[in-house]
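Peer 1: If you want the building blocks of each chain, they are given just below.
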Amino acid sequence: MKKVFLLSLVLLLTGCNITVLDPKSETASEQAFLITFSFWIMMIVVVTVFILFARFVWKYRYTNSRKHILPKDVKGNIKLEITWIIIPVLLLIILAVPTLAITYDQSPEWTKESEDAGIEIDVTGKQFNWLFRHRNGKEEMDKLVIPEGESIILNLRSEDVIHSFWVPELGGKVDVMPGKELTYEIKHPQRGTYQGKCAEYCGLGHTDMTFQVEVVSTQAYAQYLHQ
Amino acid sequence: MKLSVFGYELVIPTDIIAAWVSVILIGIVAGYIIIKKRKLGVVWDYMKTTNHRKIGILYLLFGIIYFFRAGVDALLIRTQLAVPNNDFWVFQGEKYNELFTTHGTLMIFFVAMPLLLGLMNIAVPLQIGAKDLAFPFLNSLGFWLFFAGSLFFNIAFFLNLTPEVGWTGYAPLSRAEFTPGAGTEFYVFGLQISGLGTIFTALNLIVTIIRHRAPGMSYTRMPLFAWASLITSFLILIAFTVLAIALYLLMFDRLFGTGFFSGDEGDPVFWQHLFWIFGHPEVYILALPAFGIFSDIISTFSKKRIFGYGTMVASIVLIGFLGFMVWVHHMFTVGLGPVVNTFFAITTMAIAIPTGIKVFNWLFTMRGGVIHFTTPMLFALGFIPSFVIGGVTGVMLSLSAADFQFHDTHFVVAHFHYVIIASTILGVFAGLYYWYPKITGYMLDEKLGKWHFWTFLIGYHITFFPMHITGLEGMPRRVYTYSEADGIFILNAISTVGAFLMGISMLFVIWNVYKTHKKKKKVSGDPWDGRTLEWTVSSPAPEHTFEPMPVIHSMDAYWYAKVKNKPLPATTNVRVKPLERDSIQPFCIAMSLFIVSTGLTFRWYWLAILGGVMLFALLILRSITDEREDFYGKSDDHA
Amino acid sequence: MERVMIMRKQEAELFQDKKVGFFIYLGVEAVMFAVLFATYMIFTPAGSGPYPSDVFQAEMVLLSSLFLLSSSVTLYVAEKGIQARKGKKTLLSLGLTLGLAIVFLGLESYEFYTFVQEGYGLSTSVFLSSFYVLVGLHAAHVTFGIGWMIVLFIHYVRPNVSYSLYKEKQTIFSYYWHFVDCIWVFIILIVYLPYLV
Ligand code: HEM
Ligand SMILES: [Cu+2]
Ligand SMILES: [Cu+2]
Chain V
1 MKKVFLLSLV LLLTGCNITV LDPKSETASE QAFLITFSFW IMMIVVVTVF
51 ILFARFVWKY RYTNSRKHIL PKDVKGNIKL EITWIIIPVL LLIILAVPTL
101 AITYDQSPEW TKESEDAGIE IDVTGKQFNW LFRHRNGKEE MDKLVIPEGE
151 SIILNLRSED VIHSFWVPEL GGKVDVMPGK ELTYEIKHPQ RGTYQGKCAE
201 YCGLGHTDMT FQVEVVSTQA YAQYLHQ
Chain W
1001 MKLSVFGYEL VIPTDIIAAW VSVILIGIVA GYIIIKKRKL GVVWDYMKTT
1051 NHRKIGILYL LFGIIYFFRA GVDALLIRTQ LAVPNNDFWV FQGEKYNELF
1101 TTHGTLMIFF VAMPLLLGLM NIAVPLQIGA KDLAFPFLNS LGFWLFFAGS
1151 LFFNIAFFLN LTPEVGWTGY APLSRAEFTP GAGTEFYVFG LQISGLGTIF
1201 TALNLIVTII RHRAPGMSYT RMPLFAWASL ITSFLILIAF TVLAIALYLL
1251 MFDRLFGTGF FSGDEGDPVF WQHLFWIFGH PEVYILALPA FGIFSDIIST
1301 FSKKRIFGYG TMVASIVLIG FLGFMVWVHH MFTVGLGPVV NTFFAITTMA
1351 IAIPTGIKVF NWLFTMRGGV IHFTTPMLFA LGFIPSFVIG GVTGVMLSLS
1401 AADFQFHDTH FVVAHFHYVI IASTILGVFA GLYYWYPKIT GYMLDEKLGK
1451 WHFWTFLIGY HITFFPMHIT GLEGMPRRVY TYSEADGIFI LNAISTVGAF
1501 LMGISMLFVI WNVYKTHKKK KKVSGDPWDG RTLEWTVSSP APEHTFEPMP
1551 VIHSMDAYWY AKVKNKPLPA TTNVRVKPLE RDSIQPFCIA MSLFIVSTGL
1601 TFRWYWLAIL GGVMLFALLI LRSITDERED FYGKSDDHA
Chain L
2001 MERVMIMRKQ EAELFQDKKV GFFIYLGVEA VMFAVLFATY MIFTPAGSGP
2051 YPSDVFQAEM VLLSSLFLLS SSVTLYVAEK GIQARKGKKT LLSLGLTLGL
2101 AIVFLGLESY EFYTFVQEGY GLSTSVFLSS FYVLVGLHAA HVTFGIGWMI
2151 VLFIHYVRPN VSYSLYKEKQ TIFSYYWHFV DCIWVFIILI VYLPYLV
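Protein chains in written order, with the working numbering: chain V, 1 to 227; chain W, 1001 to 1639; chain L, 2001 to 2197.
Think of the hints as simulated: they come from the structure by calculation, not from any bench.
Some hints here could point you the wrong way.
Taking lysine to aspartate or glutamate and the DMTMM-like style, the derived pairs with C-alpha atoms no more than 20 Å apart in a straight line are [as the list claims (entries may be wrong)]:
#1 W/Lys1095 - V/Asp73
#2 L/Lys2019 - W/Glu1629
#3 W/Lys1566 - V/Asp73
If you want a taste of the chain L side facing chain W, the calculated C-beta under 7 Å gives, among others [said to hold, decoys possible]:
#4 Val2020
#5 Gly2021
#6 Val2031
#7 Thr2143
Beta carbons: idealized from backbone N, C-alpha and C, even for Gly.
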């Protein structure tokens, strides 16, 4: 069990080829940072517990020579107990600071009047397709074309049940709700082709509710709009 | 499979046929054994019983049966996911959706809950010196309601009407427009009935713990399992009531055309709020009793009292309290906005603190002890590192912006299986091995128990560890396949191997139980050299316990009496014990609710009314056959 | 004499169990209603459909409240009666409680009936849906209470039920009934009042 853990630790260390940890936009980079950062902080906890665990279990195991020992009762130890309250609190505070900053910036909202300028795109989810509508009225099903380096502002809405818009390389999920429009921003995507998917279970065709994302140059995008 | 009946073309999927065949075969074999061994009387006896140990056995029995069914579902899921673009049997699309819905719902409501309630039923009264639960009739009713609900839910599959809305039943998918047909009703009513039973049992446990402790057993001397059961019961009362109302509203939406959770006039997010106000405390309802079991076991087999009893109790209470303040962490992506998201991110992180306290206190309980590696202790030891892994991924999930990536992926699947299996499932196994002598009078075989432990633990890590990575690779949950290009084939294949290893480990359990009961070797009342009161009564625990009643002067009183080589002081001057009388009425009451639900599900309103009439008739019958009438006598007549 | 003392003590203990259990149960009921009140507040007034003030009628609410709330008073008298071992007083005031409850239920059914007649049905709008599931559940509680009172009368005349046992049964019932009344007060305050003044 511990071997498995160490092995994957190594995997995570070299984790640059894991999709989410190999972000292709500023939004996703911030999220990936938070994931790796919290991973390392949490490793402190894991390692501490594992070491204490291994040591205690080994040292105090039942052996023939310890057969007749009657362990001394220890009711507790206020100092120790305070220690393992204070240290986790500190670790959590360290974690909380970047979390707050990034969450504040990124949380999707209902009908937010976005202050930032950007390319606005209307996204409509319906069982089991995605419709992308660009500013000039151009629509395409299951294929999203966006320009690189810009701020992409998505206005998402569903026609039936809840779906969730997700392009792992470009950023986290936003739910696509019926009756409410949500706004989500993807900052500075890099050129490439990615797969997007529906992440909220929405019925029969949920698995196949995927779409393609193409991040292209600004000129190519302008061209695409007028095709 | 296509059948032609009276000219109708009937399409019956082969998995349903397989299920029918296997259930009929099992039924015939079970029936044969019962009749051949003349055990019908035993069955009847158990249907009428109000004894806490017997009801506990029933809970455990059905919990384990459903564990096997939900486990088979898990194996089917894993088989379908073993290789990319797989086409295993019928389990793509709709059937896969039914599969994970059934697996999740069964595991949470009809496996984890009854197994824990069963152990509480058996062990809590014995640990605190109560002669039974405070209300034996209600206890029996609680069980049979659970049974009726679980039966109702399970039957859906045999009618090819399995719900397919996930165990979370998110609206508007769960509304009739999107899932027409009777399937979802089985989810709604199955949970509603069994939830009612759970509420009754929780209430019963609370009154028992508050009012039926042995003389001297103050709250500061109570074993931690009893403490955990007490707090858990309070959580149940609130959480399951909220769930009941959520289901009540969903029922109106589905059957009577209201629009609470619709996308147009109502609010689908309201369902999510209600569901998670139930759902998050639910995971603590599953975890806290397990914490209690581990606390008692670790202390017993380290031969040392628990380290930091006071903080242990305080952290149980704190976890229970904070458990109600974190539900939105399941909803970071629905757009509640940055303020709400950060608030709930912080409360969620805060829960890690009392949990951490517990982990360190367990570790320091072992420090300086003499650790005996019995099977229950092995499960407890397996729990600590496994749970810590699940706990730290929990903290990672609580970082709301990171959760935008984690949410609804296999990372989450990995996380909650790590937590639930480490706490609840390992805890239940530990408790079963530990209390088996108290339940049956026999001791499970230690060697097979250790085989079970190691295969299960290794299988569990092999299954779920890779899911962290597949999740980060972009594999959403609740999808029935993935493509080769996703690059997650090997990891998924490993997962599947692990799942089958867990499956194999359960065969050791069957073998072990068979062997133990074949050997029929009785054990003494105190086979583990225990510390708490349950080990003072004989094994199996008799129907009439604690005569005379022990008087408690310290925590782990029995242990210290043994150390001092003196018997526990005892008294016969005790409060009256709960009145009990065997009755088949609880079973009938539960079945009348089963009938009502059937009527509502298929819109056969006459049947629903019939069931309702039956219910009220039974309630009146209950009222006039009250066992208190005999006890109170007629001596002081009406004025 | 000593036997009687022991008996008294044992009965008192069993009754205390019952009482604690029943209060916890009422706690569960309170949570239930709290969630329904919350539902009502979230969905009322609804975006579309009738406005609450157009639906509710003050006279109706006033009248039915009068009956239900005074039933709590008569029940209180019945409690006093049972404590003082005054059979007639008990039965009479319990009967009065039953009558008041039935009238209340009749009025409420009539209210629902007129609403439906005017086209304000269960599924007309989310406001009405949340109104009906809340007030309807309360009405179901009143109905259950009526059945309970009838069973209490039966117990009163049954020879198997000792006086002390009957007293306990009636006491538990009165907790229930006062609770149901108390919920009604909240219904007035939260459901009706904001849209009638
Ligand atoms: C015994 C071995 C188990 C295996 C191999 C297993 C496997 C799985 C898998 C692969 C999924 C994800 C399905 C999907 O999203 O497509 C899943 C979902 C789930 N499992 Fe398990 N599981 C096991 C035990 C348990 C236990 C013990 C519990 C709880 C007590 C549990 C509760 C759940 C729940 C609640 C879900 C979510 C269902 C949903 O998405 O609606 N599982 N399981
Ligand atoms: Cu979907
Ligand atoms: Cu949660």
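Peer 1: Against each hint, give a clear statement of whether it holds in the structure.
Peer 2: Going down the list of hints, with the structure as the test:
Annotation: proposed proximity of W/Lys1095 to V/Asp73 is violated, straight-line Cα distance about 56 Å (limit 20 Å). For the proposed pair L/Lys2019 and W/Glu1629, the alpha carbon gap of about 17 Å is at most 20 Å, so the pair holds. With a CA separation close to 19 Å, the supplied pair W/Lys1566 and V/Asp73 stays within the 20 Å bound. Hint status for L/Val2020 relative to chain W: holds, with the closest Cβ pair at about 5 Å, below 7 Å.
Interface restraint check: L/Gly2021 against chain W, minimum CB-CB distance 5 Å, threshold 7 Å, status holds. Against a cut-off of 7 Å between C-beta atoms, the interface hint on L/Val2031 holds, since the closest Cβ of chain W lies about 4 Å away. Hint status for L/Thr2143: violated, given a least beta-carbon distance of 10 Å to chain W, over 7 Å.
Violation of the numbered hints given earlier is confined to hints 1 and 7; the remaining hints are satisfied by the structure.
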